[in-house]
Amino acid sequence: MADLETPSVDSSSSSSTNAEPVLLRVTQQRRGLRARHLAAALVLSVCLTFSQGCATFTGLLTGAFTGCIDAPAQVYRYNRASFKYHPEYWIFNVLLFFPLGLATGPLAGMVKGAALDIQWAFLDDVTYTKAFMTYRRPSIWRPFTIHWDH
Numbered sequence: 000m001a002d003l004e005t006p007s008v009d010s011s012s013s014s015s016t017n018a019e020p021v022l023l024r025v026t027q028q029r030r031g032l033r034a035r036h037l038a039a040a041l042v043l044s045v046c047l048t049f050s051q052g053c054a055t056f057t058g059l060l061t062g063a064f065t066g067c068i069d070a071p072a073q074v075y076r077y078n079r080a081s082f083k084y085h086p087e088y089w090i091f092n093v094l095l096f097f098p099l100g101l102a103t104g105p106l107a108g109m110v111k112g113a114a115l116d117i118q119w120a121f122l123d124d125v126t127y128t129k130a131f132m133t134y135r136r137p138s139i140w141r142p143f144t145i146h147w148d149h
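Just so it is clear: in the sequence shown, position 145 is 144 by numbering that gives the first Met the number 0, and no numbers are missing.
Worth flagging that the hints you see were computed from the coordinates, not collected in a lab.
In this text, a Cβ means the ideal position worked out from N, Cα and C, and glycines have one as well.
Certain hints may be false.
Said to hold, decoys possible - Within a straight-line C-alpha distance of at most 20 angstroms, the following computed SDA-like cross-link-like pairs (lysine to any residue) qualify:
hint : residue 1 : residue 2
1    : K129      : L59
2    : K129      : A113
3    : K83       : L95
4    : K83       : F96
5    : K129      : A102
6    : K129      : Q73
7    : K129      : F56
8    : K129      : W140
9    : K83       : V93
10   : K129      : A114
11   : K129      : L101
12   : K129      : C53
13   : K129      : L60
14   : K83       : A102
15   : K83       : Q73
16   : K83       : L101
17   : K129      : I68
18   : K129      : T61
19   : K83       : L94
20   : K129      : T103
21   : K83       : T61
Unchecked claim - Label pairs and their calculated CB-CB ranges:
hint : residue 1 : residue 2 : range
22   : A38       : Y75       : 39 to 45 angstroms
23   : W89       : M132      : 26 to 32 angstroms
24   : N78       : V42       : 39 to 45 angstroms
25   : R76       : P98       : 18 to 24 angstroms
26   : L60       : H36       : 17 to 23 angstroms
27   : A38       : Y88       : 47 to 53 angstroms
With the hints as extra help, turn the sequences into a complete structure.
Rendered as structure tokens:
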């Protein structure tokens with residue numbers, strides 16, 4: 000019966016004192032990583048807010064709403080004849096591409112907005128009116144519509 004007894008744990012063991020500095024280093028590294036992420040987010044938000052173009056930020060914020068509208072509309076634009084002869088495709092279009100546009104709309108809106116900012120602010124190809132005040136191809140309100148004016 001003596002060999003079934005559990006050994007006693009000594010509280011002055013050196014393994015517990017070695018674990019404390021490791022835990023402290025890991026905690027400090029996590030705090031440093033959080034601080035870096037916070038600083039990067041702050042710099043990015045300031046740059047997006049005060050940059051010459053603001054379509055990137057607009058596309059990111061409105062992308063979910065505009066994406067759930069534009070994704071099914073874009074499928075229809077490219078397949079008008081199929082929808083004319085097979086109206087039952089509408090239900091599949093809405094059920095599949097509405098949630099897809101809702102989920103991927105912010106990313107697509109941000110990318111389209113960045114492209115519009117470059118074309119508008121740096122290349123002077125797109126006017127403010129075309130980017131924000133219309134629903135034409137280069138509009139920020141159509142995040143899934145890829146456009147090339149030239």
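Is the Cα-Cα distance between K83 and L94 20 angstroms or less?
Holds. K83 to L94 sits at ~18 angstroms (cutoff 20 angstroms).
Take the C-alpha atoms of K129 and A113, compute the straight-line distance between them, and say whether it is at most 20 angstroms.
15 angstroms, holds
Range hint compliance [Cβ, N78 to V42, 39 to 45 angstroms]
Given a distance of about 43 angstroms, which is inside 39 to 45 angstroms, the answer is holds.
Does Q73 sit within 20 angstroms of K129, going by the straight-line distance between their CA atoms?
Distance ~18 angstroms between K129 and Q73 Cα, so the pair holds.
Check the following: the C-beta atoms of W89 and M132 are separated by a distance inside 26 to 32 angstroms.
The hint (26 to 32 angstroms, Cβ to Cβ) holds, given that W89 and M132 are roughly 29 angstroms apart.
Are K129 and W140 close enough, with their CA atoms no more than 20 angstroms apart?
10 angstroms, holds
Quick one: are A38 and Y88 within 47 to 53 angstroms, going by C-beta?
49 angstroms, holds
Please work out if K129 and I68 have their alpha carbons no farther apart than 20 angstroms.
Distance ~19 angstroms between K129 and I68 Cα, so the pair holds.
Are the Cα atoms of K83 and A102 separated by 20 angstroms or less?
28 angstroms, violated
Against the 20 angstroms threshold, does the CA-CA distance of K129 and C53 hold or violate the hint?
Holds. K129 to C53 sits at ~14 angstroms (cutoff 20 angstroms).
Do the alpha carbons of K129 and L59 lie within 20 angstroms of each other, as the hint requires?
18 angstroms, holds
Checking one constraint from the list: CA of K129 to CA of T103, max 20 angstroms. Satisfied?
Outside the cut-off at roughly 23 angstroms; violated.
Consistency note: the structure conflicts with the earlier hints numbered 5, 11, 14, 16, 20, 21.
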